[in-house]
Amino acid sequence: MSVALSAQDISRALTRISHEILEKNLGSSEITILGIPTRGAHLAARIAAIMNSIEGKEIAHGTLDITLYRDDLRLRAPRAIMPTFIPPIGIQGRDVILIDDVLYSGRTIRAALDALGEVGRPRTVQLAVLVDRGHRQLPIRADFVGKNLPTSEKQSVRVSLTEIDGVDEVVIEGEAN
Amino acid sequence: MRHLLSINDLSATDAIGILDTATELARINDGQVKKLPTLRGRTIVNLFAEDSTRTRISFEAAAKRLSADVINFSAKGSSLSKGESLKDTAQTLQAMGADAVVIRHSASGAAQRLADLEWMSGSVINAGDGTHEHPSQALLDAFTIRKHLGKGASDLKGLRIAIVGDVLHSRVARSNVLLLSMLGADVVLVAPPTLLPVGVENWPATISYDFDSVIPNVDAIMMLRVQQERMSDLFFPNSREYSRYFGLNSERMSVMAKHAIVMHPGPMNRGLEIAADVADSARSVIVEQVTNGVNVRMAILYVLLAGGPLEVGSN
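Sequence order for the protein chains is A and B.
Numbered according to this note's numbering, the first sequence spans residues 1 to 177.
Numbered according to this note's numbering, the second sequence spans residues 1001 to 1315.
Just so you have them, the derived chain B footprint on chain A, three or more residues with Cβ under 8 Å: (1) 60-69; (2) 75-85.
Computed list of lysine to any residue pairs in SDA-like fashion (alpha-carbon distance at most 20 Å, straight line): (3) B:K1076 with B:I1057; (4) B:K1035 with A:Q92; (5) B:K1034 with A:D114.
These are computed hints drawn from the structure, not numbers from a lab.
These figures come from a predicted structure and were not determined experimentally.
Backbone N, C-alpha and C define an ideal beta-carbon position, used for all residues, glycine too.
Please construct the entire structure, taking both the sequences and the accompanying hints into account.
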């Protein structure tokens, strides 16, 4: 087990990602931030708070649960359905930033794109993740990455956040080979 | 969890998991009805060997909103009316690749038999068997009660619920007593002694013969339909006398607690167990029970069919 990101690393990465999102989208007026539960939702709330303080105005943000759109539901026990909250301004014609903790196979993001399609038609969809650990199974990439972590498929990456786990850290578990 | 035959198949955690799932599904469906791809490619058979409006269309709507294929068949117009046995019917469904069968039958235990004898590999969901159980109705009633009176709690601790009327013939009453008491509510059954089943004293509920003394002290009153089609004996002198002692009219409603709600599983005998103006009053959540029924049945199908064993809540 090794610590890949400390609390301070996470905080710095989120601040940088927030700036990058604002820079690329020329400000916050057209942005809707949607976090994928559970940990992506907490990261989205943090990024929205950082952007609020940079821009001095409220950023539209919410959560998007993708459980019902997964293609691997039959392979495992049913997962609890988490809350979906789309901010009142919606996603129609807006720049949607999806936030998740770890980008791995890309299947969660594929499901998220399907779920978004049911809500409306965004102008663009962009993806921000705290950790990209590689091993994609689908043609999906992140626009904003906190840290690229080279891992083996045998390892697992565990993201802890103070909101639920009491501590901020990213840990790699298991041997590389 | 593979089948839903009785409330006894569920733990309190399972039941709360289903209610929580239904809450999220209700939020997703809020405003516009959405089609979800979750059960795409699955086949659900509605096997209704007894008449039903609400339950059948509710299960059908639930399955369709989750993108499952639905095959409806009722006793009338099928080989069941030619005397085909349940076993042969089940084997036919198995051969067609049904992933789940929703069964309504006039014989108590029909769903259990279908599940126990392994005639088919899919899930069996009891949608009402004789005078035994109707678990999906109890779950939607618990959902409705929790939504109106739960104050954000996940269970029903501290709530008092009266179930009034023809308990003897009511599978809804039996399932509700089991479920509501499991979730921590105090249940009081109100009925004439002739309409209480043998052994009711062992149910997790108290019994009263005096409706008027119960009314001011409960948070919800669930009226039961007088099931005249199942009544071969004389259980009460006449319907006017039944109404006078056990019917919910507007005078009785006026002494209910301010926050208390009126429920009925339907179909109603307006003017017998419930007065028309009570059924249509602001306290009545009877129409909302139908709406909630679709979300709760979607949750049941999700939990039984979307994956392996129930582990809602573990992440």
